[in-house]
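Using UniProt numbering, the first residue of the sequence shown is number 1, and each one after it goes up by one.
Check before you lean on any hint, since a few could be wrong.
Just the calculated beta-carbon pair ranges, DEER-fashion [what the hints assert, rightly or not]:
1) H19 <-> T103: 25 to 35 Å
2) Q201 <-> S21: 36 to 46 Å
3) L45 <-> T71: 39 to 49 Å
4) T212 <-> N15: 10 to 20 Å
5) N13 <-> R144: 17 to 27 Å
6) E221 <-> T187: 19 to 29 Å
Mimicking BS3-like on lysine-lysine, the simulated pairs with C-alpha atoms at most 30 Å apart in a straight line are [unchecked claim]:
7) K192 <-> K116
8) K102 <-> K186
9) K238 <-> K104
I should point out that these hints are in silico values taken from the structure, not numbers from a laboratory. The beta carbon of each residue, even a glycine, is placed where N, CA and C say it ideally should be.
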Amino acid sequence: MVISEVTMARLNNCNVLCHFSHSGVDEMVRLDPLLPADNTCHFGLNSLFADNGLSDTHSFLYFPADALQMTAVVQRVFFDRGLRFVFSTRSKVPYILKEDGKTKFFGDGYEFVPGKDETIVDGKAGYVVSFGEMLYRAWDAVLRCRELGLDVGLINKPSLNVVDEQTLKKVGASPFVLVVESFNQKTGLGSKFGTWLLERQLTPRYGYMGTTREGSGGLWEQIPHQSLDPQAIVLKIKQLSQ
1 MVISEVTMAR LNNCNVLCHF SHSGVDEMVR LDPLLPADNT CHFGLNSLFA DNGLSDTHSF
61 LYFPADALQM TAVVQRVFFD RGLRFVFSTR SKVPYILKED GKTKFFGDGY EFVPGKDETI
121 VDGKAGYVVS FGEMLYRAWD AVLRCRELGL DVGLINKPSL NVVDEQTLKK VGASPFVLVV
181 ESFNQKTGLG SKFGTWLLER QLTPRYGYMG TTREGSGGLW EQIPHQSLDP QAIVLKIKQL
241 SQ
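Given the sequences, and given the hints that come with them, work out the whole structure.
In C-alpha cells, the structure reads:
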C-alpha cells in the first residue's frame, strides 16, 4: 500500500513529507515493560525502496542520529518540494557527543545540510559509515579501537540516497570502509555504498553490517542477536584492518 501511494505521489509531482517512526530493529519504548514484543517484525523490508522512481526523478531519505539532529532535519526540509522520507528509531538513543565526551555534536551552531555526509572523527586506518540508531553504537566501537591505537574514523550519513562526492572520495582513499546499519543487509545502504565506490574507481577493503535474521520487534536483545552491538563492530573493524 505504501509503495502504491509513493508511486502515485511521484507520478503526480506531489509534495510529501513522510515519517517512518519504527525503523530499525532496536528496542521499542513501552509504557509497560511487561507487555509482549511485536512478534515477528518488519526487519526484511527494503526501506530504501521509498526512492523507487526512475533516474529523472528523485526522493530524499533522511535518518537522523539523535533527537537534536531530528529537530534540525525536520526544520530544514519541512518546506522543501518533492518526496521526503524521515526515518526514526523505535527507541531512545543518547545524544551524539564529540570526542571530548561532553560537547553535543548536533548542539548549538549545528545546521543540517541535505545530501552532506558528516565527519564525526577523521582516521587514517579506515572509516566506519553509519546513521540513525546505529551511529552511537558505531561511535562506541570506533572509540574502543582508537583507544587500542587503531586510528579509525567515523562518518554519519543522514542523507541515505545521495552521494556526497567529497566525503566518498575521502573514505574511498582510506585502507577500509565499513558500513554499519540496522536496515536489511541485502538491500540497505551497504549494498549500494560499495557500488558507489567502484563506480569512482575507489577500492578500499569493504564490508557492511546490517540486519540478517527474522525476530520479534521491540526487544533490546535484537541488536546483539543481529550481531550489531559495539563488540561485533569492533571485531569487523579488526578483520578489515588486518
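Consistency of the hints with the structure:
Look at H19 against T103: about 28 Å separates their beta carbons, and that is inside 25 to 35 Å. Between Q201 and S21 the CB atoms are about 39 Å apart, so this pair conforms to the stated range of 36 to 46 Å. In this structure, L45 and T71 break the distance hint of 39 to 49 Å, their C-beta atoms being roughly 26 Å apart. At about 36 Å, the CB distance of T212 to N15 disagrees with the hint of 10 to 20 Å.
Checking the proposed 17 to 27 Å range against N13 and R144 shows it is violated: the Cβ atoms sit about 48 Å from each other. For the pair E221 and T187, the supplied restraint of 19 to 29 Å holds, since their beta-carbon distance comes to about 23 Å. Between K192 and K116, the direct Cα distance comes to roughly 17 Å. Compliance with the 30 Å bound is thereby established for this hinted pair. Restraint check for K102 and K186: not satisfied, since their Cα atoms lie roughly 36 Å apart, outside the 30 Å limit.
Of the supplied pair hints, the one linking K238 and K104 holds, its CA atoms being roughly 28 Å apart against a limit of 30 Å.
Taken one by one, the earlier hints fail for this structure at numbers 3, 4, 5, 8, listed in ascending order.
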